[in-house]
Structures are given as C-alpha cells and as structure tokens.
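Start from chain F and add chains A, L, B, C and P according to the hints.
Number of protein chains: 6
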Amino acid sequence: MDHDRMLDLLLEAATLKRMPRTGWGMRGVPNVESVAEHSFGTALVALALAEALAAEPGSEQGGPLDLEQVLIMALLHDLAEVRLTDLPVSAVRLIPPEVKSQAEAAAINDLLAPLPAAGRLAALWQAFEGGSSPEGRLVRDADKLEMMVQCLRYEQAGCRGLDEFWQAIDGHRWHFDLSARLYLRLKAMRTEANT
Amino acid sequence: MDHDRMLDLLLEAATLKRMPRTGWGMRGVPNVESVAEHSFGTALVALALAEALAAEPGSEQGGPLDLEQVLIMALLHDLAEVRLTDLPVSAVRLIPPEVKSQAEAAAINDLLAPLPAAGRLAALWQAFEGGSSPEGRLVRDADKLEMMVQCLRYEQAGCRGLDEFWQAIDGHRWHFDLSARLYLRLKAMRTEANT
Amino acid sequence: MDHDRMLDLLLEAATLKRMPRTGWGMRGVPNVESVAEHSFGTALVALALAEALAAEPGSEQGGPLDLEQVLIMALLHDLAEVRLTDLPVSAVRLIPPEVKSQAEAAAINDLLAPLPAAGRLAALWQAFEGGSSPEGRLVRDADKLEMMVQCLRYEQAGCRGLDEFWQAIDGHRWHFDLSARLYLRLKAMRTEANT
Amino acid sequence: MDHDRMLDLLLEAATLKRMPRTGWGMRGVPNVESVAEHSFGTALVALALAEALAAEPGSEQGGPLDLEQVLIMALLHDLAEVRLTDLPVSAVRLIPPEVKSQAEAAAINDLLAPLPAAGRLAALWQAFEGGSSPEGRLVRDADKLEMMVQCLRYEQAGCRGLDEFWQAIDGHRWHFDLSARLYLRLKAMRTEANT
Amino acid sequence: MDHDRMLDLLLEAATLKRMPRTGWGMRGVPNVESVAEHSFGTALVALALAEALAAEPGSEQGGPLDLEQVLIMALLHDLAEVRLTDLPVSAVRLIPPEVKSQAEAAAINDLLAPLPAAGRLAALWQAFEGGSSPEGRLVRDADKLEMMVQCLRYEQAGCRGLDEFWQAIDGHRWHFDLSARLYLRLKAMRTEANT
Amino acid sequence: MDHDRMLDLLLEAATLKRMPRTGWGMRGVPNVESVAEHSFGTALVALALAEALAAEPGSEQGGPLDLEQVLIMALLHDLAEVRLTDLPVSAVRLIPPEVKSQAEAAAINDLLAPLPAAGRLAALWQAFEGGSSPEGRLVRDADKLEMMVQCLRYEQAGCRGLDEFWQAIDGHRWHFDLSARLYLRLKAMRTEANT
Chain F
4 MDHDRMLDLL LEAATLKRMP RTGWGMRGVP NVESVAEHSF GTALVALALA
54 EALAAEPGSE QGGPLDLEQV LIMALLHDLA EVRLTDLPVS AVRLIPPEVK
104 SQAEAAAIND LLAPLPAAGR LAALWQAFEG GSSPEGRLVR DADKLEMMVQ
154 CLRYEQAGCR GLDEFWQAID GHRWHFDLSA RLYLRLKAMR TEANT
Chain A
4 MDHDRMLDLL LEAATLKRMP RTGWGMRGVP NVESVAEHSF GTALVALALA
54 EALAAEPGSE QGGPLDLEQV LIMALLHDLA EVRLTDLPVS AVRLIPPEVK
104 SQAEAAAIND LLAPLPAAGR LAALWQAFEG GSSPEGRLVR DADKLEMMVQ
154 CLRYEQAGCR GLDEFWQAID GHRWHFDLSA RLYLRLKAMR TEANT
Chain L
4 MDHDRMLDLL LEAATLKRMP RTGWGMRGVP NVESVAEHSF GTALVALALA
54 EALAAEPGSE QGGPLDLEQV LIMALLHDLA EVRLTDLPVS AVRLIPPEVK
104 SQAEAAAIND LLAPLPAAGR LAALWQAFEG GSSPEGRLVR DADKLEMMVQ
154 CLRYEQAGCR GLDEFWQAID GHRWHFDLSA RLYLRLKAMR TEANT
Chain B
4 MDHDRMLDLL LEAATLKRMP RTGWGMRGVP NVESVAEHSF GTALVALALA
54 EALAAEPGSE QGGPLDLEQV LIMALLHDLA EVRLTDLPVS AVRLIPPEVK
104 SQAEAAAIND LLAPLPAAGR LAALWQAFEG GSSPEGRLVR DADKLEMMVQ
154 CLRYEQAGCR GLDEFWQAID GHRWHFDLSA RLYLRLKAMR TEANT
Chain C
4 MDHDRMLDLL LEAATLKRMP RTGWGMRGVP NVESVAEHSF GTALVALALA
54 EALAAEPGSE QGGPLDLEQV LIMALLHDLA EVRLTDLPVS AVRLIPPEVK
104 SQAEAAAIND LLAPLPAAGR LAALWQAFEG GSSPEGRLVR DADKLEMMVQ
154 CLRYEQAGCR GLDEFWQAID GHRWHFDLSA RLYLRLKAMR TEANT
Chain P
4 MDHDRMLDLL LEAATLKRMP RTGWGMRGVP NVESVAEHSF GTALVALALA
54 EALAAEPGSE QGGPLDLEQV LIMALLHDLA EVRLTDLPVS AVRLIPPEVK
104 SQAEAAAIND LLAPLPAAGR LAALWQAFEG GSSPEGRLVR DADKLEMMVQ
154 CLRYEQAGCR GLDEFWQAID GHRWHFDLSA RLYLRLKAMR TEANT
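Protein chains in written order, with the working numbering: chain F, 4 to 198; chain A, 4 to 198; chain L, 4 to 198; chain B, 4 to 198; chain C, 4 to 198; chain P, 4 to 198.
Excised from the complex, chain F in its bound form:
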C-alpha cells in the first residue's frame, strides 16, 4: 500500500467539508450544510433505521441487514461529489442520467483506487447507486430522510421557501415501510409547529 496516495485520498475527501449542498443555498438558506455534514447525518439515520429494523425481526425484506455494508454505503454515497460537486435538481434535469452515473462511477473508482479494498468498496457504492441490495435501498431511504430532517431544522430556525422539498419527497417511493412511517411523523411535526 502506498501511504502517500492514501493520504492524498484523505486530504481530497476533506474537500467535502467545503462543498455546499447546493439546493439550500439557491433558496436563500444562510448556513448551508456541507456534503460532509449530510454524509455524517445519512450514516446516523441509516444506523438508526438499521437498528430499528433489526429490533422488529420478520417485519420487512426477509433477512437481517449487514450493518457494516450499510455504514460504508452511507459514508461513501456522495464521495464522487468531491469532484463533481453537488448538482441540484435544476442541473440534473439538464444532464442525461447515464452521463451523470458514468461520471460518478469514474470518480468513485479513481478516488478509491489507493485503498486495498477498492473493488469491494466500489461495488458497495454501485449497490447503493442502483438500489440493488437491501442495504443499498436502506441507504437510499436514509439519504432522503436525512434531507428532510435537515429541512425541518432549517424551517424551525425560520427559513422559508422550502416547500418544494416536501412536495418532491411526497412523490418519493420509500423502500422500507419504516422510512415512510418516520417521514409521516416528521411531516406531522412540521404541521404541528405551524398551527
């Protein structure tokens, strides 16, 4: 293993701390969270979801989830943005989806190359990207749920103009029933605060 290349990866990954989540800033949110902050939040939400599912055995998706995989996916799910940046919905509409996917995959493969486990980690990222494993689908839910937790935090602090986010998620298909139930509770909290 090449120590310098591994440090280069860690130094470059720290750029995610300076990479704003673009959608918030475009709507005038003053303290825009970084991609690193969102990734941390997603890992925490995914941990909570996985633990809650494990405590209700048999309820969903058959067997138990592999928590190690879940956490790796949550940490790495936006790593490509260190090079691509966080593209907002308005940009995603203008770029063909397969172009974006290929760009992300190329970035992920190149970024992870210095790690001995590069192949395994890239495969996990692919499972998240494609939603092709229960663990990947759980992290996809966590990614959205975390965004709405943050959205409610912004609104509780006085931010306005974020209705689009709730409307977009209302049309989202949750992979796990637990995620859907938590989102409904989050929306209820929002409504209670406004009445």
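None of these hints come from the bench; they were simulated from the model.
Don't take every hint at face value.
Far from chain P, by Cβ distances over 12 Å, these chain L residues were calculated [said to hold, decoys possible]: (1) Ala-57; (2) Glu-59; (3) Gly-66; (4) Glu-132; (5) Asp-146; (6) Met-150; (7) Gln-159; (8) Gly-174; (9) His-178; (10) Arg-184; (11) Arg-188.
List of simulated lysine-lysine pairs, DSS-like, C-alpha gap at most 25 Å [said to hold, decoys possible]: (12) A/Lys-103 to F/Lys-103; (13) C/Lys-103 to C/Lys-147; (14) C/Lys-103 to B/Lys-103.
Just the calculated beta-carbon pair ranges, DEER-fashion [unchecked claim]: (15) L/Glu-15 to C/Gly-66: 25 to 31 Å; (16) A/Met-192 to B/Leu-14: 46 to 52 Å; (17) P/Gln-105 to A/Met-192: 37 to 43 Å.
Glycine included, every Cβ here is placed at the ideal spot set by N, Cα and C.
Frame of chain F; chains A, L, B, C and P shown alone:
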C-alpha cells in the same frame, strides 16, 4: 410582454448572488466570490479592455468592437449557472464537453425566453461560447483575466494553494495581445509581492 | 496607456465584492449581498427594462435608448463605493447631499483616470447621478427595482423586518411607467406569498 | 420503538452540523469545521486504516478488526458534544477528567435511549472512550489523524498559528504502527510544502 | 509591570471575538454573536440601568451604585470563557456547578495576573459571580436583559425556535424592579410585532 | 424616564454587532470584527492601560485618571457608527473632517437622548473626540492600540496585506508613553514571528 415572467427571470437570476465559484472553495479560500460577483468583474474588465483597444486603433483585429455586445456577453456569460451551478475543472473533466454545451444552451434559451430580445441575446451568448466574433473572444479573455485578478487579491490577503490557477492560465492562448500583456504584468505584480 | 495603473483599477474594483450593502446587515439579514452583486443585478434589470421598452416603440420618452450607455451606467453607478462604502439611509441623513455628491464625483474621477475613455465614462456616471438623460433615468429605476427584487428574495427565504424598504419605495417616483408596473407586480407577488 | 423519540434524536444530532470545532476558531481559522464534519472525516480515516490493516494480515494486534464496530464508534465518538459542545484544550485543563467523562457518558446514555440497540451502542462508545478494544484504539488513532489531515488542509490554504497542534500530536502515543507511519508522511508533506 | 505579559492578556482576550454564544447556534441562528459582542452589549445595558437608577434616587436598594465597578464587572463577567468557552444550558446541566465556578475562578485569576490591579478586579468578578454586591446584582440583571434584547433582534430578523429563551427568563428573578419592568416592555414589543 | 425609548436605544445599539470594521474587509480579511467587538476590546485595553498607569504614580500626566470616565468613553466612542457606519480611511479622505464631526455629534446626541444622563455622557464623548481630557486621550491611545492588537491576531492567523496599518500607526503620536512602549513591544512580537 408578460411582466410576471420577466420578474421570475430577475428573481431567478438573483440566485447567482448565492452561487459560489466552486474552485476557490475546494482549495480552502474562506470568502468565496459568487458567480454574480465574477460576472460583474468580467463586465468591468471587458469594458476596460474594449476602451483600451479603442484607444489604440488599428493595433488588433481590424475594426472597432461593438461595446454594447461586449457588455451583454459579459453579463450573460455565466447565466446558465443559475441552473447548472459553477462546475469546477474536476467536474468538467468527467462530463463530455458537448453535453455541457447543450445543457448550457438549453438553460440560456429557457431563461431568456421572457425577454422580447431573447433571440438576439441568445445569439450573443453563442458568439461568446464559441468565440465566433471579436466581441465574444474579448469576453473570453476578460473572463480569464478577471479570474486571475481575483486570484491575486486572494493571495494578497494570505490565501495559499492557488498555484494551479496560474499554471493553468500560463497554458492559455489569449485572443488579444493586450490581454496577454496585462496578464504578464499581473504575474509580475505577484512575483514582486513574494520577493 | 499605463498597464499597471489599469490593473490597479481592476484590483481595487474587486473590493466591491467584499463591500456589503449596509442596509440589509443593519436589519439582521444574514447573507448580505455585496455592492458588486447589486451592480450585476442592476445591469441585468436595466438590460431587461431597455429590451422591454425597445419592444414597445413609441410608448415612452420618445426615441430609443442607447443600450451601451445604459449598461455602462449600471456597471459604474456604485463604483465610488469602493472608497466611500455603501452609506445607509441613516448616514445619508447626517451628511449634506452636496458633500456626498462631491465625494462620489471625486472618487469616480480618480478611479477612472487610468482608462483612455475616462472623460466619457465619468460623464455617463454624471448623467446617472443627476438623472439628466433617459438612459440615466432608466438606470435609476433599475437601481431601485433591483433592490426590491433582492428584498423579496430575502423575504421568501424567511427574513423579516424589511417593511421599511417597501414603504420607502412606495413613495418613490418611477421615471418609466414600465418600472412602476413591474414594481406593482412585485408587490403583488409579495402579498400573494403572505396570504 | 417510539418513532417520535427517534426523530427527536435525529433532529438533535443535526445540531452537530452547527457545532464548531472550537480549537480552530480560537486561533483565527476562518472556516471552522463542524463536529459533524470531523466525525465524517474520522469515519473515513478509520475505514481507510481498517482496510489497510486488513490487507496486511498478521502485522499488528493479532486478529482482524470488526469494521462494523469501528464505523459505529467513529460516527458516535463525539455525539455527546451535541450537549457538551467541543471543549478545547484550555477548557479540558480546567475541568477534572472524571467530571468530563461522567458528563459525556450521561449525555451518550440519554441521547441513545430512543434506539433499540442503545445498550450495545453505548458500550461501543465506552470501548472507544477507554481505548479498551482494538477497534476503540483504532478510532482513537483515526480521531487524531483526521485532525492533522484537516490541519494540513488549513495550512495549505494559508492559515497560520497552528504549530501547537503539530507539537501536541508529536507527543501523542499512536496505538497502531500504521497510524504513526501515516502521521510521519503527513508531516513530511507539510515540510516539503514549506521549503 | 511586565509589558509582554500584559500584551499576551490583550491578545488572548481578543479570542472572545471569535467565541460564539453557543445557544444561538444550536438553534440554527445564522449570525451568532460572539462573547465579545455580548459583553459589549452587557456593559451598555448596565450603563443604561445604572444611569436610570441614579435618576430615581431612593427608589431601590438604598444608596447609589458605583458605576466604575458596574462597568468593570460587565466587561469582565464572561472573560473566563476565553478558556472555558460559552457552555450552553445543556452542558451546564451535565457539569456540577461548583466545578464550573472553580474552573471560572481559576481562569479569571490566571488571566488577570499580569495586571497590577489583579486582586481588585478578581474580587469584582467574584462579587458579580456571587451576586454579593448591588453592583454585581445589577450586572447579573444586565447580562440577562442584554440576552433578551439580542433575542428580540434575532426574531425581528426572522429567526424562529427561540421560545425557550423567553420561557427560561420568565422564571428568572430580577434583582432590580427596573430590570423587571424593562423586560416586561420588551416582551410587550415582541407580542405587538407578532399580532 | 421612558422605558420604551430606552429599549429602542438598546435595540439599535445592538446593530453595532452587525456593523463590520470596514478596513479589514476591504483588504480581504475573512472574519471581519464588528464595531461592537472593537469597542469591547478598546474598553479592555483602556482598563489595562489605566490600571498600569495607576500603579506607576507620578509617572505621567500629573494626577490619577477617572476610570469610570475612561470606561464610558471606551464603550461609547464608536456609538455614532450605528448610524454612520465605520468609514474607512479612503472615505474619510473624501469627506471634510468638520462634516464628519458634526454628523457624529448629531448622532450621539440623538442616540443618548433617552438616557437621564444624556448630557453628561455626550460631554464625555466630546472629550474623547477632541482629546480634551487625560481620560479622552487615554481612550484615543486605547482605540489605536486595540486596532493593532487585532491586526497582529489577523496576521498570526495568516492574513496578509495589512502593512498599511502598521505604517499608518508608525506615524501616530501616542498621548501616553506607556502606549508607545506597548506598541513597540507589539511590533517586536510581530517581527519575531516573521523571522
């Protein structure tokens, strides 16, 4: 003319004030300028270049430049970023150039639609994008020169880690001899400050 | 032409990117726009106004406007603030208007001196300052309209305490009927959002 | 499981995105990272360390590490700061260590209570806090190594006055030889940049 | 007197300008005031309170207050936070009060040591901390009143989620009747703005 | 006394927390201190100077200083900026000094009017402004010394481009020998750090 659609355009364009110039932030610059600030600076640099060229008649490119066109191009040259955001070099490397160009053109056409002169303005943007008129080429030079003026300002304030910008521009082909001379002077100022 | 003096002007003008529009900050707005951002916005509003007027020939003020002049005025209208800073209403009340005008004119003349067209540009700034040409009056309208576009953006994002701005503009005399109509629509958008 | 209490935990944990890492700010660093950003970075460093160790079997500490445990510890290691805030060295010197430990343990137990796996997660946090398992010791190393990666990033961007951080870590006893070697390389990168 | 040690104190005290008032940030307030700003405000509120009391002789607490002492206490009341940082309520609940008091006293004694009047100043701080003199009690009132003045400012600017602050202060026992009356008026201003 | 007018004063004075010290920002300093922060620092420096002078009796200016007056002056010395804003040197050069003085005096008189002691406080401000009492002269020294303490802090954190500040102060005439000696030590600290 539809007043509300025109106001929608002006309200959306104000988003450029909250759109950071990504490259600076990725290298740790603390007060990242916005795309709106860079566009203002580019218009000013373009104005200065055009006036200087006009005062040295016959020296370059034949006839006089159309200053109205120059200023419109400078103001609009990054307008598409209101939807696409400011893609850094690391992102541009991952997206095919024709995909980016088409996305920008689609954004420009849609954004300018509420204006009566939409067709004329979009054609000017194309002339900038393709460098297909002397005015477009001048604004291409102004775009780069403004970036380096800002880069020197950051360095004068203590920012480090921006050598890449100078190296990239060293390989740039200036369209006007005046731009090249001004860049050399700017580099000389940088060197004098460091010795 | 002295290249170094021209670069000094461009480097100093970049200070407008760090010059906050004071009025917002005094009322607690968190992300205060810079004078450079406001100048960019004013140029865009002026461009839209001029194009709209050109499309309705004969409707206002006799002949067509000189768009080149409009754009130069919009870009330069607050350039003196690079030295004077953006004085809020509370400061303007304490300083005799002729003192402020003379200070601005002195700053403009000194700043523009390195440009070959200094005299022509300073005369355009005077026409804006005094509202002594149709182009100058249009940019005066654009200056105010842009402020209110930004004000609505702040309010849409949750900012409060900005009623004074609307009240002050309600008493403003618009030079062009088109400006007045656009402002009324902007106010209507504000009211719709609050009901 | 109580969904509302689980959401309360996730909403409160999002406060870590607004909790600055105090030491940087006290020394004048302009863009202070948040505890959430540091936690994300620590998890990434821990993942890299664990993968590198797994690829060199037999080299250190006997058996293989449990990566799931490593990632949970890294995510949760500073969770108590959501209530206690990030106490800098100057504060830690003034508060008896056992008082700080008890306060953190009380916060962790109370925060995690809404999760079904609260007991297991709290025990993992204890193993990190006490360095009482190989996984806990690895995350202790990752915590320090991540701090120095960020420190180098700040210095590369022009920040000064951070020598104390390097001096403090020079006296640190690394638990894994790999961590010590990576730190030495990081220091070498720093030296190369300054000469 | 040792000039260098005195300068070291002044340089260290400037750190209070970078020390955020933690409670606001945890609730999402975007522009968090610093401890230095709060200390300035507290001194101003204390000055106003003392002048108002002096103008109503005989009304409260017997004799006249020593304004010099009041101002010194207001300036120094949070000086220990330069080392301890601003601990929010959630942290104070987890740390025994006597531990916090001892830590603050130790910090104050060490910080003030370079001044010839160290003993007198530290005694004044103790009188504030313990509320053991009329001057100390006045500054305790000023500390709370200033917090609520700032809270109203944040709310006037659109911040939400600060109800806890008003609820906590509602249960506060004011030392001076004047403070209580001013707080009631402040609350009335808040209510008027919301109806 | 009118409680509401007194609260209006305190609410307006809190605006100084959002009023940037303009000179730093114009030179690219990222975290610009507020006028409130500078006023706090000035009061602290003035306190230290006064205590040090009191400990060396007979050494300067005859009799002992009135510390109450010193602290009031330090707190109020920039209060007029709540309406006038902090005018940088480049603005001061463009406005006749008597215009500025009259504007400040008018602002001070109007601001302090709600306080019973308005006349006495305004007279103290005049003594500071004119340097017409030993206390006023001490605060004038403290004002400058505090600026240079902050300047050194910025430079220690990596800021550059602040040489002008040191050059301007080198030509300053200190009213107290103690201030001059402390400034020389501060400069020595700066030199030691750079070699």
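Tell me the hint numbers this structure goes against, listed in increasing order. Violated hint (a single one): 15; every other hint is consistent with the structure.
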